[in-house]
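Q: Each chain, letter by letter, is given below.
Protein chains: 2
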Amino acid sequence: MQKFGLYIPTRLVFGAGELKNLSQQPLPGKKALIVISSGTSMKKYGYLDLVQKQLAQAGVESEVFDKILPNPIKSHVEEGAQLCRDSKCDFVVGLGGGSSIDTAKAIAVVVAMGGDLWDYVQGGHGKGKPVTRALPIVAIPTTAGTGTEVDPWGVITNTEVNEKIGFGFEHTFPTLSIVDPELMLTLPPKLTAYQGFDAFFHAAEGYINRTQHTPISDLYALEAVRLLYKYLPVAVADGRDLRARSKVAWASTLAGMVEATSSCTGEHSLEHAMSAFYPKLPHGAGLIAISKAYYKAFKNDAMKRYMKMAEKMTMQKSARPSDFLDALDIMQRECGVDNVKLSDWGITPADFDRFATNATETMGGLFDFDPRFLTREEIIDIYQQSYK
Amino acid sequence: MQKFGLYIPTRLVFGAGELKNLSQQPLPGKKALIVISSGTSMKKYGYLDLVQKQLAQAGVESEVFDKILPNPIKSHVEEGAQLCRDSKCDFVVGLGGGSSIDTAKAIAVVVAMGGDLWDYVQGGHGKGKPVTRALPIVAIPTTAGTGTEVDPWGVITNTEVNEKIGFGFEHTFPTLSIVDPELMLTLPPKLTAYQGFDAFFHAAEGYINRTQHTPISDLYALEAVRLLYKYLPVAVADGRDLRARSKVAWASTLAGMVEATSSCTGEHSLEHAMSAFYPKLPHGAGLIAISKAYYKAFKNDAMKRYMKMAEKMTMQKSARPSDFLDALDIMQRECGVDNVKLSDWGITPADFDRFATNATETMGGLFDFDPRFLTREEIIDIYQQSYK
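Those sequence lines, one after another, are chains V and E.
Here full-length UniProt numbering is used: position 74 in the first sequence is 74, and no number is missing along the way.
Here full-length UniProt numbering is used: position 180 in the second sequence is 180, and no number is missing along the way.
Because the hints were derived from the structure by calculation, they are not lab data.
Check the hints yourself; a few may be wrong.
No copy is singled out in the list; a pair is fine if it fits within one copy or between any two copies.
Simulated pairs of lysine-lysine, DSSO-like, Cα-Cα distance not exceeding 27 Å [unchecked claim]:
id: 1; residue 1: K43; residue 2: K3
id: 2; residue 1: K53; residue 2: K127
id: 3; residue 1: K20; residue 2: K292
id: 4; residue 1: K20; residue 2: K3
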């Protein structure tokens, strides 16, 4: 039995309506920088207002930084860090999707450590300097997909060099995370499906990971796979179904715990390369588009693990690894995303070569975790199969 | 879907031989009070020596307090706290069974907060004052049963008033825990079985708990139940089987995570009352002795949960809750503890009344978590059935 570690120091508070109890939680400072997207929904649905009122009730002042894009960029980390320093905030709240929470994590690092995010990023043009501190982070996700509320990871795009890279350090685990499925009731079906499949692949990749999976990540992963297969189609079909939203939110958090205890594999590198060049491609849609070809590639390399996932999904005994591919196909059909293809976002075969280069250069380490090492030809073939 | 929290801030390091890497872990101070039992094994097997050498290698001095009894007592908490203060230790290492680690936790509270442990204990003669800090705690279990390495709980007996009470606060989660199954290879079969069943009941009680169980505690509990049913008999039969020892150690840690996320039930109150009066009765043996009568009492009150546990144990579909009772019986036979009875430790029917009073007075709150509230007559009947 292997050696492994488990360290998820985040205080997780899960449940419908729990955002209304934020003021009763232990808060890590006296003034918060609240990081939200450039969209309107955090204001329109009253979530920002609620957070500010709850903070005020606990005697905590706040400042708002509302510029984050769906694919968050490095220059906004710098701008947010400056605002954080100028307004003397002592902790950072990420409210919204993964982009806002990931930017909050990056701001927390840059403010505490000084310098530039790419001083600390590993891979690409990052300098990989050690991170020894960060401002405390509070995560309040309003989507179910990234799992960033219980893992140390963030993904930021450096537009100057077209690098979309994951970063993460012990100090970027959120101190406190409020996962309140009520905040997710208004998400449209398509986004629900994209984000839900992001969570699904965090779990599946962490489970088939050849070297990083552990007994605890396996436990989290199989439960996330089981829950998402069962409840994601329900949440996609009826977004107001609070029970299905709750199950999907919990599965997404579990999948985040997989990311904290195992690791994503090459599938995530393949996708990040695409959305680095095509920022309008939603991360989850990119993953869905390449997933069939990606998982087919390892069908004979992780047979037992494919069958185990299939069994958790279908609740039936599995006799062959392709049962997982079939179950994945059914799930994508039930969520209305079985026809997602790369050409939908303007990607052409002329992109595949630079995708392959970017994938292996910026987050290439993840390919080492695949059940078998993919050749460059196989990588391009995965893009080719996912094209149309 | 219910509301729940998850907070286990402990850094867990799991694996055979990991104690030899202690010096590479982040240590929370410069001088450690190492708390060990009054027995000889920590010295005889070289574990104390190894810990001291590893600490020294990391530049950490240490002092040893070696008086802990199998049922640890309050006066040793006071003596250890005095030694800790006098020798200016800034963290506490619990090395050994649950008794040493629990005492380390109690010392960490008393040194940081001042006063007496019963100032902070809730129940019995405890004053229930809030605990706002504790010295950092490092846990190095050499047995697999208590789960104290990943939960905030400890159990100390106040011999002046015959109260064996559990305590626990956010600050008594260990900062660091090293679970090294190699340290468990020398445990004799009987103790292995007793301790393994302690872990099993942490999981089973946390799973049938009517009000405190959560989606995450259920996940941990069912995996612990599954692993212990399969591997505890193997570890009892051949203590040198490192794989079985590892599986049992991991299951025990998972069961500790159940204690941190759900709670024990009345079974633990019933047992603590017995060993408060009969300190030579091993906690696990006491639990085994009363388990058949205890679980029979709720057979029709938690039917689905009994069946689910039975399915995890036998790997077969269960159609009736008594399948769990049958599987428990098989497991106890395979571990050679199916004939454990209260009379073996000198307990007589004349004790039952004071047991029942002690159980409901000192840790009576746990009865609220049972699938159904037991009457005093039913409590006495459980002792009666477990007598011979």
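Q: For the identical chains here, do K43 and K3 meet the 27 Å Cα criterion within one copy, between copies, both, or neither?
A: between (46 Å within a copy, 25 Å between copies)
Q: Evaluate K20 and K3 at a C-alpha cut-off of 27 Å and name the case that applies: within, between, both or neither.
A: between (41 Å within a copy, 13 Å between copies)
Q: Regarding K53 and K127, is the shortest C-alpha distance of 27 Å or less found within a copy, between copies, in both, or in neither?
A: So K53 and K127 fail the 27 Å test inside a copy (40 Å) and across (36 Å) alike.
Q: Classify it for me, K20 with K292: is the Cα-Cα distance of at most 27 Å met within a copy, between copies, both or neither?
A: Neither. Shortest intra-copy (41 Å) and inter-copy (44 Å) distances fail the 27 Å Cα cut-off.
Checked against the numbered hints given earlier, the structure breaks hints 2, 3 and satisfies all the rest.
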